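Protein chains in written order, with the numbering used here: chain A, 3 to 273; chain B, 5 to 302; chain C, 24 to 406.
Calculated directly from the structure, the hints in this document are not laboratory data. Fair warning: this is a prediction, and the values are worked out from it, not measured in the lab. All C-beta atoms in this analysis are idealised placements derived from N, C-alpha and C, irrespective of residue type, glycine included. Please note: incorrect hints may appear among the correct ones.
When the alpha-carbon atoms are kept at most 25 Å apart in a straight line, the in silico DSS-like pairs for lysine-lysine are as follows [said to hold, decoys possible]:
(1) C/Lys231 to C/Lys216
(2) C/Lys389 to C/Lys339
(3) C/Lys123 to A/Lys188
(4) C/Lys153 to A/Lys188
(5) B/Lys192 to B/Lys162
(6) B/Lys192 to B/Lys214
Listed below are several chain B residues computed to face chain C (Cβ distance under 7 Å; list not exhaustive) [claimed, not checked]:
(7) Ala18
(8) Glu23
(9) Glu158
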Amino acid sequence: MGWLQRSASDTQVTHRDRLWLYVVAAIIMLLLVIPTFIVIPMSFSDSQYLEFPPSNWSVRWYDEYFGSSKWMRATVTSFQIGVLTMLVATPLGTAAAYALFVSGHRAARAVFMFLITPMIVPVILIAIGAFYAFGRVGLNNTITGLVLAHTVLAAPLVMIVITASLRTYDLNQELVARSLGASRLKAFFAITLPQIKFSVVTAALLSFLTSFDEVIIAIFVSGGVNATLTKHMFAALRDYIDPTIAAISTIMVLVSSVLLLATQFIGNREK
Amino acid sequence: MESRVETAGINEQALQQQEAREQWTLLGLAAPAVLAVVAIIVIPVGWLFYLSFIGSDGQFSLEHYQKMIQYKSYARVFLITFEVSLLTTVICILIGYPLAYFLALLPQRWAGIFMLAVLLPFWTSLLVRTYAWLVLLQKKGMLNDFAIYIGLWETPVKLVHNMTGTLIGMAHIMLPFLVLPLYGSMRKIERDMMHAAANLGASPVHAFWKVYFPLSLSGMVAGSLIVFVLCLGFYVTPAVLGGGRVVMVATQITAILENQFDWGAASALGVVLLIATIIILYLAARFLKFDAALFGKN
Amino acid sequence: MTARQYFFRGALILANDSNQSAEASTALPIHIRDLTKRYGQMYALDSVDLEIKSGEFLTLLGPSGSGKTTLLMAIAGFNRPDAGSICFGDTEMILTPPHKRDVGMVFQSYALFPHMSVAENVAFPLQLRKVGAAECTERVAEALATVQLSEFGERGIDQLSGGQRQRVALARAFVFGPRILLMDEPLSALDKKLREHMQIELKHLHEKLGVTTVYVTHDQREALTMSDRIAVINHGRLAQVDTPHVIYNQPANAFVADFIGESTMLPLSGDSAGRLMFADQVVTTELPADAVADHLLVVRPERLFVVRDETLDPQKTIAFDGTVREFVFQGETAFALVAVDDRHELSVRFSTDSASSQNELRPGDKVSLGLHREDVITIPDNA
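Bound-form chain A, shown alone:
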């Protein structure tokens, strides 16, 4: 245990002096991670009740989930809406971020602030506002309506990721390309885009996840055959406890983990 005596930093603090910090941090990190992963063993329990650790193991909740047309329908809907949101929000946010970044106009900053307001307005307000407005134009319970609403939530994230990436990019490359004979559009696609592509992919994954995990707007504006997974899950959680949720949760945790690790991997590639 020699490392305990070693100096932990430039000052004379040893690792032993910091031991309390390491223990506290470890406990906090466990408390952060456990509730994320606990659903995995729970989903293999045989019991009706939410017990942990499970006394008997089974895959009955997965059978239940995959056998239920309601859950399957909702899963497909959620994926559909997620993918569509990604396909709309990514180009929308990228175009806006690029335009505002290169414009240099006084108003660009104000427009940027305006475009990230969806991150500031309480989601409950967006939800009931959309519910009310969509009711007038017949967009409630439609995929289009929810994709629109989710796009507005996801676009600011895309803009922030892309703007951060443009800040580290040497925009002179685009100028050079134009002086060499490329139009602005051509310069963007041939020179700029290939270099920010990993950020674009990260932004796209974030958009998908934003939509896939979104609850509140979905509760209000989705319904009928187009109800999302999260809407059904919320109803199930509030009204009765259905262990099928554990199986669904496990799948959602896996989706998030894969996407998160993908962005980390991509992030390293970009550097």
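Using the hints, position chains B and C against chain A.
Using the frame of chain A, we list chains B and C on its own:
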């Protein structure tokens, strides 16, 4: 200096037109996003704002706002919302500060790996995490079992469907929003500065409170404000873990819509929520670098 | 020789041109008239008129914020002026977008495309011009040979040193046979030795290509080394445009005299006989046309010499008597400050070779400094 004779220069008009054309083209690129925000945020929220001033007789009226002042039930909702938001923020600071400090001390590579412990919950559906806490905190749940096993208490304690459960769940969900900006500001504090403090004879504890803590304060305040603002409008976690006992503004808005279908009253509450958020963020923008507060989040 | 020239002429010029006319047709003059660019109340360019001759190497020299980069970017088309005219030859270009101006451009940051190899970088402008694959390969190889990077075509950008990147950026800028080449402080990222080496190389390259070149720098030594002519720019106005020789020896005003090279300035007063005097010395009798204004005597430190026992011919030399204040040995030269009266000091620079070792001075020494009359520079004092 002689006064300059302002005459139209060569090509001046053509250049002006070209400049305007370019700016409009760029604005055109941002236009779809602007239109989307107008359609989904500005118009609907504006509509709600309008509805909040329409009384039950269809005329302009302040009745929905008057009710908020008159009725005790509203006061309780505001109080609980404030209480939950404040307590969640405090819990996040108490837990988040040591964690961020630990991460900031690590070499960059290790910090990246341990950071996954913060990012993973951040990326996981909040429904899943709320559900997990529901299971962990129930009477026969893991936490009660563990507490009884180590002798913390003897009979199962009610940890969920009340304020305790709500706070635990909310703190878990909000923690990354505090840790990320705090970690960011701590990373910027140079080792050299702590080294210098030590060289000047400051004890490690003294150096921490006199040098490190004040420098990390900007990240902490930014993170706390984000957490507080997000808490104000929170819906899912209090609804599930509070079990109907913790009625916050968002819960109340939903209840009014579901039970009374009273758009005016629901809108008025929403407007109050929005104004509170704007005031807090405005203050934050005045006293902090707003960009850092926002961008630290992702 | 002919092959190389053919290649630099670009696709449009036919091979049956004679060598001389080929040289001439690769370059274009640039006529800039009344160019104005304002940022708020500040003029970055203030009615600039500049004639850049066909095939010349012209340097825009000035302190940072003087407007030199704004002017270059306006020629390239990246900075839209408020008013004015920029003609390449007889063609008005001010409204032409950058990608149709056919100018080669080299940036300070090089701005190489990191997702392409060296050869792909250089081929980029050719591909945009739909040059066939075989010709493209040939011209890329030629360009890389010209910058001595023949073996580097397949390399990635991150495998190159700073100097090599610089050359790739150059090759990419001239491979498509532009008639104008623009460079924005291209050497400032290099260390001193490499920079001096590249200055010479760039000069040779310019001679070989014969293309009109506009070069921006804030380094006066670089400008003096490389340029056919220098345009000194300050506060968005041209302070003087001329050859390095004239700029150094006959600065038009105090700014140019001060900015280029070292100098000390002494105030002169006119007397009734129409002569310019410093104290009781007649500095010059050849009064400039605007003799009404006050004048300054510009003294270059290296043009002064220590007068020993010899008697000076006052027709040929002016002498300043003074007291040494400082003496600093700096390697190849030594530097002294000599007070000539209560308010004025002259800087003096000596060679330190053995023949000049007698120039060793100590503070407090009385000394007499000589200046040949042909080295006298007078400028109007507008301050």
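Evaluation of the provided hints:
1. C/Lys231 to C/Lys216: holds, 23 Å
2. C/Lys389 to C/Lys339: Measuring from Cα to Cα gives roughly 22 Å; hence the hint holds.
3. C/Lys123 to A/Lys188: holds, 13 Å
4. C/Lys153 to A/Lys188: holds, 14 Å
5. B/Lys192 to B/Lys162: violated, 43 Å
6. B/Lys192 to B/Lys214: Holds, at roughly 16 Å.
7. Ala18: holds, 6 Å
8. Glu23: Because about 5 Å separates B/Glu23 from the closest Cβ in chain C, which is inside the 7 Å limit, the hint holds.
9. Glu158: violated, 66 Å
Comparing the model with each earlier hint shows violations of hints 5 and 9; every other hint is respected.
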